[in-house]
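Trainee: Spelled out, the chains give:
There are 2 protein chains.
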Amino acid sequence: MTQLASFKALEKKLAAYQYVLNVVGWDSSTEAPKGAFKRRADMQSIISQEAFELWTSDEYRELLEALLNDSSLSELDQKSLQKAHKALSKVNQIPADEYAAYNKLLTLAQRTWEDAKANDDYESFKPTLGKIIETQKKLIAYRGETAEPYNVLLDDFEEGMTMEKYDAFFDVIRKDLVPFVQAVLINRPEKPAFIDRHFPKAGQKAFVEYLNEVFDYDLDKGLLKESVHPFTWNTHPSDVRYTVRYLEDFVFSSIFAGIHELGHATYEMGIDEALNDTRLKGGTSMGIHESQSRFYENVIGRSKAFWEVHYPKLKSLFPDALKDVDVDTFYLGINWVEQSFIRVEADELTYPLHIMIRYECERAIFNEGLSLDELPDVWNQKVKDYLSLTVKKDTDGLLQDVHWSGGAFGYFPTYALGSAYAAQIYYSMRKELDLDAVIKANDIPKINAWLKDKIHRFGKRKSPEEVLLEVTGEPFDAAYYIRYLKEKYSPLYLK
Amino acid sequence: MTQLASFKALEKKLAAYQYVLNVVGWDSSTEAPKGAFKRRADMQSIISQEAFELWTSDEYRELLEALLNDSSLSELDQKSLQKAHKALSKVNQIPADEYAAYNKLLTLAQRTWEDAKANDDYESFKPTLGKIIETQKKLIAYRGETAEPYNVLLDDFEEGMTMEKYDAFFDVIRKDLVPFVQAVLINRPEKPAFIDRHFPKAGQKAFVEYLNEVFDYDLDKGLLKESVHPFTWNTHPSDVRYTVRYLEDFVFSSIFAGIHELGHATYEMGIDEALNDTRLKGGTSMGIHESQSRFYENVIGRSKAFWEVHYPKLKSLFPDALKDVDVDTFYLGINWVEQSFIRVEADELTYPLHIMIRYECERAIFNEGLSLDELPDVWNQKVKDYLSLTVKKDTDGLLQDVHWSGGAFGYFPTYALGSAYAAQIYYSMRKELDLDAVIKANDIPKINAWLKDKIHRFGKRKSPEEVLLEVTGEPFDAAYYIRYLKEKYSPLYLK
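Protein sequence lines correspond, in order, to chains A and B. Going letter by letter, the first sequence gives residues 78 to 572 in my numbering. Going letter by letter, the second sequence gives residues 78 to 572 in my numbering.
No lab work stands behind these hints: they were computed from the structure. You may find that some hints are simply not true.
A pair counts as met if it fits within one copy or between any two copies, since identical chains are not told apart.
[Claimed, not checked] Taking lysine to aspartate or glutamate and the DMTMM-like style, the derived pairs with C-alpha atoms no more than 20 Å apart in a straight line are:
1. Lys203 / Glu543
2. Lys470 / Asp326
3. Lys156 / Asp273
4. Lys111 / Asp192
5. Lys302 / Asp104
6. Lys111 / Glu222
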């Protein structure tokens, strides 16, 4: 076997470990009995450890290093090797016992956070959170990174992003969006009453199945299921599943989480199969992934054009709840703007403000020495500044999200970035497609084809920056996001 | 680490591999998208190979051999080591490439058999079947077994069983049961019409959920799901799931497959947790396992007492289909005897005749040189002799079961043995419990407790022979089976 073939065999073995662990994760997130938790954790940790040992073995590293600068290899192989090298360099300097201890800390932190959230008890979570942050900093130092720690984390979640770039992005949000949101809030009409009505689960399920057809989701390679939190799951373009949940008192949850996850799923299904056994498989970044889900959810799914076509179907499934609701009222309802404490319940317009709060807090923790004692006050002040709300309990504040208990610092800003990317992509697409007409013709496959051709099929062959530059002809520009939001929400609220 | 601790760590690692492969299997049997088949096969084979290499490694074998005769170890450890040694000796003499080739043959054989069955084309399956049998014989030879090949296979599926013992068992069936079945068939009243009526799925689902309560199935450690073929799946006493299917034109399928699988599941859930990380975990044999499922399904589930309690519930779920059906008619319906071609559709009384056909064919193939050219005629003649039916197509004959395409020769007879064990256990239980009264009092947990105390908790600590001897005070005796069947079916048909 050539060195390249040996290396590829190891990569495939690692993919197989990842595959089985993914399936265990899917099972655990969707249906595994509660009581099986302990045994599963045991078994997962053994298999993860096996995979980790293989990944950080001398054999793997030596093959990788021998091949890394071999310019006789194909461009695809070279890029894949570079990705592999970058990934490995994140862990292979970390002593195995410290890495294992960190993973154990995160497992326990999950429980600690859950309890703290349930009991509104930040103090009980604070020491664990402190340890996670401390360990994160230590692990970054092992990697020999010279960049500032928070920049390292930002780049981990979105290659190429830095505090400088995010600062500029959020400056625009702070300057242009915060006042716009305030104007919208002041000018709101009465809240459409149907939002809080009862929508039986069977009808919701039927509608999400209908959406599968509308968005051309291939059930031969996919699966729709229920879970507590909606998510997309994939191991391969031939196996891309997603989940929703059905809240009978909040029908938007299944509809828009469904469309959102369909956006993620369509991306993964569209990636070139030739990348399967390389490090270039999968979506290129969190931000670009989120741009696809937000494009589906907000640009398509919350558009007037979309509901002009599909509202009759929805109405037929909920003749009681929607009896007296016309499509204009429905359109207002699905774009209803409201200050809220909880990020995952936020509307399209206030959502980035929630993200800004998190970005600024994380930045301050990692870069400005903000202490965890001060954190609640800082968080709550920002909620006041941006959302004009007073946090009364930490469960509605800094305890609400799971991310930090999982050590995921630097992740949040990709959510807002994704929405902003989506807006920039939207204006490019409009130059080539009459988007409203396409949506009204119920021809989503045409949009899918455009996205696949320009974005999906490349997987990680292109960096997020390259994707944006090549699709839109420009680097990232937050102005498109503001423009998109104003063009959409002004006619709704500021007429 | 002591040698014992090192060995146990390896065993746990093997258990973890088995765990993840089991979860992948569950996913694949219940919901994985069709199109994911190819990728999954790839990934599974890599992980199976990893596990196999670990299992057949020098390290594992050397530790095992060093510990095998160490009488200072606990009885449990010694027994576990013996089991491990027996299991390893089945494969470690087989050259790795031949073993891999055999597994590949079986994977392909599955498809070949499916196609042959769909097209009623035995000839297209015959060469593959021939290769499987030939390879089986070769693999047995590698194991250095001196016993006759079919005896080796019989022992693989039911420790301690031989042709001599099975011959004696089936002689009783042939002599006593075949004429009894014929008498029953001649004396049948009119077939209850409700059997073929329509039973909506929602009601069936509700009833199986009701059965979960009746049989005290712990949903904190279990899960009920749909699949094409009902089965029980488990990796650990805290994770024991089962499936049913809902046929709207055959309600007995979900009810009795459900109760059957609950019998398997209750066994697995009741095994002592102390055995978890040993080779003594899990049910002790196919036959004893089947005795538990058949006891649930037939002794309890098809009893008059059971339906005197639960028929009103069923009737309330199917007011149309059961409107004019009293409990006596229902009881006759669920114990309706009928000659049929298909084993899995057979009633309790004719079922063992189907098994006898298979046993005699397998025995003839492995021990008497029966050729695959002659096999269809031999099979069909036996169907004529035992069931008075003329096989018109092989799909209804020797192509109906999946087992042979999976290399599972020697498996079938455990099904009949399980029913016979169940009968023998039944007469023992009756000495201590007034079974009818317990069932009428809807106190299945009392039965579960008896079974757990006498059978379940021991897992593989006791061999099937030991279980039977200790529970019933006697070795296996087929006479109990005939007695049970006659006592049950005479009043129904020969009054």
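Trainee: Evaluate each hint against the coordinates.
Mentor: Going through the hints against the structure:
1. Taking identical chains as interchangeable, the C-alpha atoms of Lys203 and Glu543 are never at most 20 Å apart, the minima being 40 Å within one chain and 57 Å between chains.
2. Proximity of Lys470 to Asp326 under the C-alpha cut-off of 20 Å is found in neither arrangement, the shortest distances being 24 Å within a copy and 56 Å between copies.
3. In this assembly of identical chains, the alpha carbons of Lys156 and Asp273 never lie at most 20 Å apart, being 51 Å within a copy and 63 Å across copies at closest.
4. With identical chains, the CA atoms of Lys111 and Asp192 are at most 20 Å apart within one copy only, with a shortest distance of 17 Å there and 40 Å across copies.
5. Proximity of Lys302 to Asp104 under the C-alpha cut-off of 20 Å is found in both arrangements, the shortest distances being 11 Å within a copy and 13 Å between copies.
6. Within a single copy, Lys111 and Glu222 get their C-alpha atoms no closer than 41 Å, and across copies no closer than 44 Å, so neither meets the 20 Å cut-off.
In terms of the numbered hints stated before, the structure departs from hints 1, 2, 3 and 6, listed from lowest to highest.
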